[in-house]
Amino acid sequence: MRHSPPGAAPGALNIPADALSLNIHSFYYNEHEFHEAELHSLNDIRAQFESKPQMNHWFDIKGFSNKQFLENLADYFKIHRLQMEDVVNVYQRPKAEEYMGHVFFTSRVLAEKDVIIQNDQLSIFLGKNFVITLQDKYEDLLDPIRDRIRQGKGVMRRMSSDYLAYSLMDVVIDNYYPLLERLGDRLDDLQDELMSNPTRDALNRVLHIKKDLISLRRIMWSERDKMNDVLRSGFAEVCEATRVYFRDTYDHCIQLMDIVESYKEVTASLMDVYHSSVSNKLNQVMKVLTIISTIFIPLTFIVGLYGMNFSRVDPETGHFNPMNMPELYSPYGYITICIIMVVIVIAQLIFFLRRGGWRKASCFL
Amino acid sequence: MRHSPPGAAPGALNIPADALSLNIHSFYYNEHEFHEAELHSLNDIRAQFESKPQMNHWFDIKGFSNKQFLENLADYFKIHRLQMEDVVNVYQRPKAEEYMGHVFFTSRVLAEKDVIIQNDQLSIFLGKNFVITLQDKYEDLLDPIRDRIRQGKGVMRRMSSDYLAYSLMDVVIDNYYPLLERLGDRLDDLQDELMSNPTRDALNRVLHIKKDLISLRRIMWSERDKMNDVLRSGFAEVCEATRVYFRDTYDHCIQLMDIVESYKEVTASLMDVYHSSVSNKLNQVMKVLTIISTIFIPLTFIVGLYGMNFSRVDPETGHFNPMNMPELYSPYGYITICIIMVVIVIAQLIFFLRRGGWRKASCFL
Amino acid sequence: MRHSPPGAAPGALNIPADALSLNIHSFYYNEHEFHEAELHSLNDIRAQFESKPQMNHWFDIKGFSNKQFLENLADYFKIHRLQMEDVVNVYQRPKAEEYMGHVFFTSRVLAEKDVIIQNDQLSIFLGKNFVITLQDKYEDLLDPIRDRIRQGKGVMRRMSSDYLAYSLMDVVIDNYYPLLERLGDRLDDLQDELMSNPTRDALNRVLHIKKDLISLRRIMWSERDKMNDVLRSGFAEVCEATRVYFRDTYDHCIQLMDIVESYKEVTASLMDVYHSSVSNKLNQVMKVLTIISTIFIPLTFIVGLYGMNFSRVDPETGHFNPMNMPELYSPYGYITICIIMVVIVIAQLIFFLRRGGWRKASCFL
Amino acid sequence: MRHSPPGAAPGALNIPADALSLNIHSFYYNEHEFHEAELHSLNDIRAQFESKPQMNHWFDIKGFSNKQFLENLADYFKIHRLQMEDVVNVYQRPKAEEYMGHVFFTSRVLAEKDVIIQNDQLSIFLGKNFVITLQDKYEDLLDPIRDRIRQGKGVMRRMSSDYLAYSLMDVVIDNYYPLLERLGDRLDDLQDELMSNPTRDALNRVLHIKKDLISLRRIMWSERDKMNDVLRSGFAEVCEATRVYFRDTYDHCIQLMDIVESYKEVTASLMDVYHSSVSNKLNQVMKVLTIISTIFIPLTFIVGLYGMNFSRVDPETGHFNPMNMPELYSPYGYITICIIMVVIVIAQLIFFLRRGGWRKASCFL
Amino acid sequence: MRHSPPGAAPGALNIPADALSLNIHSFYYNEHEFHEAELHSLNDIRAQFESKPQMNHWFDIKGFSNKQFLENLADYFKIHRLQMEDVVNVYQRPKAEEYMGHVFFTSRVLAEKDVIIQNDQLSIFLGKNFVITLQDKYEDLLDPIRDRIRQGKGVMRRMSSDYLAYSLMDVVIDNYYPLLERLGDRLDDLQDELMSNPTRDALNRVLHIKKDLISLRRIMWSERDKMNDVLRSGFAEVCEATRVYFRDTYDHCIQLMDIVESYKEVTASLMDVYHSSVSNKLNQVMKVLTIISTIFIPLTFIVGLYGMNFSRVDPETGHFNPMNMPELYSPYGYITICIIMVVIVIAQLIFFLRRGGWRKASCFL
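Chains as they are written, first to last, in this note's numbering: chain U, 1 to 365; chain W, 1 to 365; chain A, 1 to 365; chain E, 1 to 365; chain Y, 1 to 365.
Heads up, a few of these hints could be off.
List of simulated lysine-lysine pairs, DSSO-like, C-alpha gap at most 27 Å [as the list claims (entries may be wrong)]:
hint, chain 1, residue 1, chain 2, residue 2
1, E, K211, A, K211
2, W, K281, U, K264
3, U, K95, Y, K78
4, A, K95, W, K95
5, A, K211, W, K264
6, W, K78, U, K153
7, W, K95, U, K264
8, A, K113, A, K211
9, A, K264, E, K281
10, Y, K281, A, K281
11, E, K281, U, K264
12, W, K281, Y, K281
13, U, K281, E, K211
14, W, K264, Y, K137
15, U, K211, W, K95
16, Y, K211, E, K153
17, A, K264, Y, K264
18, Y, K211, E, K281
19, W, K281, E, K264
20, Y, K78, Y, K67
21, Y, K95, U, K211
22, Y, K78, E, K264
23, U, K113, U, K78
24, U, K211, Y, K264
25, U, K264, W, K211
26, W, K264, E, K264
27, W, K211, A, K211
Just so you know, the hints here were simulated from the structure itself, not pulled from any lab data.
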């Protein structure tokens, strides 16, 4: 999370040291034609924008290293300094704000890389006949939109720039579906794993997914509010025909929120599964200990009994004590004791093997 | 869950490979007569619809394999492409949307098959004198409605097409009751099972029911919102007399939500029951171990004591040591020790059999 | 829970097989006089109602076996078929609906019988000068109201029929107080029982009370909404003077909801108490095991030590081995060992009896 | 909790048998003078009230045994019977109701006596130039207000009777602060106690405080709503200048609610602390058992080993068996075994004393 | 928490004994010039304020020991006594109140010192061309604002006094970010620590952070409400241009609330981690005990078996009992038994080392 240092003047652009260099790609199109160009400065933008006032323009800007360019861009398109600060301080909630003839949208672009969810920002300024997108990375998810402009399929080129802005935000939200599906698969796998083998590592992964879901929920919530703002606030830049499409995206947001909420409840269940799995393991360990002990402790007592040294003859007086352990001198004493011990073991095994033996045992005693 | 690939043009119909072939059944009726027909193309639909403008038409369409037909149908009845996409992408929340002279309803049709809840979609377009239903499966729950049209009982044929649309959605919601009842029965059984035998399999079933309840709650919530939209939004296609019926269905939705919420709380209790059952088992196991150990450990000590080899005669010097274990040479030594051990066992059993023995024991020591 | 089979025509009366036979008791009164009668048909009702248009009428109807009567009644008083269905399908949330010159109220009548809460329905239709109550059982809680009409005490006979409807609903809600008090007493008893003896049966009773509270909360919530509807919706049938009384009942509903919510929190605490009680029991059992083991295991080792057979004389060579267990031949060997063992036991008892011995022991080792 | 029996006529005063006898203290004052008197009947009240119409009157009434007086008072000041019932049935939520020229306030007066929170009611009727307070006990918290009237300090005597009503309610709410502070201190003490010694008694006290907090939260919530009603509802009896003071009390209510909510979360943490403390105790007990067992069980095996009676000479044949336990006849056998056992004990102690020994042990095996 | 004693007259200033002495620093500036001065009395303030009516004034007041000064200040700037009481009673929720030509803001200033969060109050009065700040400590976080006024950078000096008030509150909120970051770092560390070593001290720190988060959430919530009040309530003192900045701060508040909420969920997870870590430890301890017991108990039985004294010769009769323990006299008896015991140990180790041995063992038996 990047933010200005406390006390900095509001609206000051706080360009990070590792910002990428400026890259401007532009489209301008109407129903009949489209053009694509690489631009290099605000002058290029201004020249194209002013020479084709009847066409829709998309200025696709990447890399924030050139602070002067961003400030001039803000001045030219009447962008408020606080909005430009929000573009550069790239952790903003999704939102939609109208200001002096344009609407400022921010979207969170999520992409999963090696189970880590990357959370980038797409900033969009929508004016009467232009869309400006700003991103601080070069790779993005917008290629399907570029292709749809190039191919002229669908209604893209027939509609005004608000439809382009909608399409850009829609593709971002569409990309949440596969991300959530993978998350859901991981949760299913974790449930199986936790049931059979509750390791600390699996618990760690559950907690990690839980954190992801908390931030996803926050993002979905804001995306939904953003779409709601578009539908209710009556921004002049969004025409009625496009509003139907935004309602569709609004529905998608609610669907996504439902999924995230379900996953959150699943995560809570997984913690329960983990705890019960650990308890089960302990139960198993204790059962083993108890069975072994319960079988051998009486046997050990018996063999100890016949290891006592009570003497049949008093060495001092020579008296014969016939009641001192006569079993030891019986011809079948040893074999009898062995048989008794085997019977005890078999009886115990039968007792415990029958379901519910524990309960019976603990109630009886 | 099926959805368009990210970046697809909005409104593109994404027909799955295993879609069923087209099947159109039509009803047209008024208070005095009704007709039923199998239609095969949009032309058939158009012919029937335009030849009987004074009657109510129900076009009951199943199977989505014919993409061209769906697109033409949309064009003919002025259905928005996004709505037709929602029909085909069959996971939509229940909702009601008005658009160009018709209302678009979606309902979730739930049916239980082998404890798995099947979640299908019923899409309904309600116009001034027509109802179009679209489903991607052949079997459905709508036969009672078809019979009521055929038999002309009740008010069905006397009222306009909005009452038909209401009846279709009402029968879907009525079918939630037996489903929830079965779920409730399963929860009751699970509670008994968990109390006596907390297995991992039972836990799994609890978690499974919990997931079902989460998605049921989501559906109920949306159904209720849908009904509320019908009641408040003043759709021109729904007349005042039918609105009373929608209010009744709205009440049913709230009742169903109440049931689902109660079941969710029961599920939470079941997790508690499971945990406490596992703890109880552990307690029982440990009690058995402790009782066995507590009884035999002192006895084993005693027999070990008299297994010591302290000698009455020093073999080296021949001195007689009268204080070395004189008990061993007493004529009644063995029998005395045996009696002492029996007394110890009986005393312990009395101690532990009396309720609260554990507490006394752990406090005393 | 009773409901129509899915697909049944809405408004169809689904009379259960065991419905009681019809019983109509009527009151008609004004400030100066009152009359009471047993009626037997709709004609009787009509005759009385039309002959005394200036008086307040209460038709107190019990038993739903006569379907024809109910349908005619609905027709005569312009009751909607769906409302009559709600009367017969006796599980409805408390609600208030205005329809064609009357207000339809439903109340849940709760009575406890052998710790099972019976949940019956009281349906009330309030018109300009009549009140119709419908119940499917003969015994009810309304006798105090009947007595107040007969005795003419209080304002009952001076006010119009809306005050009668209020009184009927108020007495139903007043009966929730003793019910909740008994529930509260049972919860207090359970807390004591769980603290000392956490049985499965007690847990079962907690879960049972929890389920009761969940449905009570639902009922209270709906009762409160019903009262709120009466206060806000401006039903023409409820005059301003009576509205003050409804506000009082509304306050009672909120009080009852507060009580139910508190009890729900108490139930949650009881689960905690149960779990901690079970853990305590385990701790006690384990303490007993550990103390017994810790005392006897070292002693058993010692007696085992002196049960070893190391020989002072090599039987083969006759060599004398003076270092092999000389203790055994010392005159005071046995008595010394016995004293040593007694000292060990006393030392351990002192160690464990002093508070905190466990912690010290586990830290030291 | 006291309430009328179910079915009682609304507004009937249900005076309890142990009600205190009537006690009326009156103040009447304006900016320049004040008078104080003991009154004994409604006639006294009427005489004073009617003779000084330009002054503010405070009738401070205690003790409800005189039912006739209360009914006459209600008639004279146009108090609704339901309001008078609320005064006597002394468990009412804090609320503010306007009715026929006066506002009826109820406040909960909390006082702690021996860790039990006493919950009394202060009922206030505020009219144009009078305040009537009703309480069923003689001692109260209002002496600071009486002193402020007597001393004429502050703005009390300069402002109208609504400021007096505000002051009375404000002093009640101010008294919640020290009460909550003591509760907070008790919670802090309990946390320390539970950490070191999780007894059942401490758990009981946590549950008791939790119940207190639940009812405190309910009261705060209602007090806040009451203040909000005063601020929003525009009661004619409360003038604009006094409204600022009510806003201040409203802020205090929110502060108090915040404190109560924090304490509730602390209570939930305490349950967690209790559970973890109990688990810790079990862990300590089991560690002691395990260490003792792990050290002595192998030793006991060894001494048992050398207690076996394998014989070097077959008594039957006289054959010499040199492989049967030659250790027993070695001159240094005993001393060697003793040394070996000491080495085993030392090795085990080193192993377990080193942090993490358990984990290593359980992983290794 | 400091508050007036119950019953104190509202608006009475309750100066604490250790209040710091008065310190007034003043700025007055417009776009072209700025001045800075140390003032010493209300006369100084009045002189400066009245002599430069066209400039913006900031009176930066610290130390509350001079009660007379505060009362005179309140009178001069028409500050309500209750507001001045809120300034001195330094625990107020963040809020914004308009009163007689000024807006009164309170902010909570949080600073961390040795992991304890200090919670001070900044009170701001904003009038048409003045800002008064009141704090009860000398050190504060406002130096960046003072520097921005001095340096004249940014828009500070070009805008009216409402922008200054905004900047003061914004810097306070900006300082929450690093505070929360440190809290987040501590939570991450705690998770690692709890995973490996669940000590009571770590649990204590979790509970401490949880308490901090509860009060932080309360503060954020109120800050957000305050900002919302500024945006919605249309205070005359805040002009439209500044409102955009307040909207930015409002966004920051929501961001901070999101972070605090996430941290709260993390804290709840940490309790889970703690409990599962403790359970794991117990499992490990019990595994060690069980393995040691399971290996040695059968061996001890075997050696006990051959320690029995069954005799081959009856000393009384001289009869030879060949079936009494012939193993003892076999030449290879001892070596055979030793080998058998080694085989048993190896078999058990193999059994338990293979993953899942416990489950198999507990199922088999």
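Going down the list of hints, with the structure as the test:
{"no.": "1", "hint": "E:K211 <-> A:K211", "verdict": "holds, 20 Å"}
{"no.": "2", "hint": "W:K281 <-> U:K264", "verdict": "violated, 30 Å"}
{"no.": "3", "hint": "U:K95 <-> Y:K78", "verdict": "violated, 40 Å"}
{"no.": "4", "hint": "A:K95 <-> W:K95", "verdict": "holds, 25 Å"}
{"no.": "5", "hint": "A:K211 <-> W:K264", "verdict": "holds, 11 Å"}
{"no.": "6", "hint": "W:K78 <-> U:K153", "verdict": "holds, 21 Å"}
{"no.": "7", "hint": "W:K95 <-> U:K264", "verdict": "holds, 24 Å"}
{"no.": "8", "hint": "A:K113 <-> A:K211", "verdict": "holds, 16 Å"}
{"no.": "9", "hint": "A:K264 <-> E:K281", "verdict": "violated, 30 Å"}
{"no.": "10", "hint": "Y:K281 <-> A:K281", "verdict": "holds, 20 Å"}
{"no.": "11", "hint": "E:K281 <-> U:K264", "verdict": "violated, 33 Å"}
{"no.": "12", "hint": "W:K281 <-> Y:K281", "verdict": "holds, 20 Å"}
{"no.": "13", "hint": "U:K281 <-> E:K211", "verdict": "violated, 37 Å"}
{"no.": "14", "hint": "W:K264 <-> Y:K137", "verdict": "violated, 52 Å"}
{"no.": "15", "hint": "U:K211 <-> W:K95", "verdict": "violated, 31 Å"}
{"no.": "16", "hint": "Y:K211 <-> E:K153", "verdict": "violated, 41 Å"}
{"no.": "17", "hint": "A:K264 <-> Y:K264", "verdict": "holds, 24 Å"}
{"no.": "18", "hint": "Y:K211 <-> E:K281", "verdict": "holds, 25 Å"}
{"no.": "19", "hint": "W:K281 <-> E:K264", "verdict": "violated, 33 Å"}
{"no.": "20", "hint": "Y:K78 <-> Y:K67", "verdict": "holds, 16 Å"}
{"no.": "21", "hint": "Y:K95 <-> U:K211", "verdict": "violated, 32 Å"}
{"no.": "22", "hint": "Y:K78 <-> E:K264", "verdict": "violated, 40 Å"}
{"no.": "23", "hint": "U:K113 <-> U:K78", "verdict": "violated, 37 Å"}
{"no.": "24", "hint": "U:K211 <-> Y:K264", "verdict": "holds, 11 Å"}
{"no.": "25", "hint": "U:K264 <-> W:K211", "verdict": "holds, 11 Å"}
{"no.": "26", "hint": "W:K264 <-> E:K264", "verdict": "holds, 24 Å"}
{"no.": "27", "hint": "W:K211 <-> A:K211", "verdict": "holds, 20 Å"}
Comparing the model with each earlier hint shows violations of hints 2, 3, 9, 11, 13, 14, 15, 16, 19, 21, 22 and 23; every other hint is respected.
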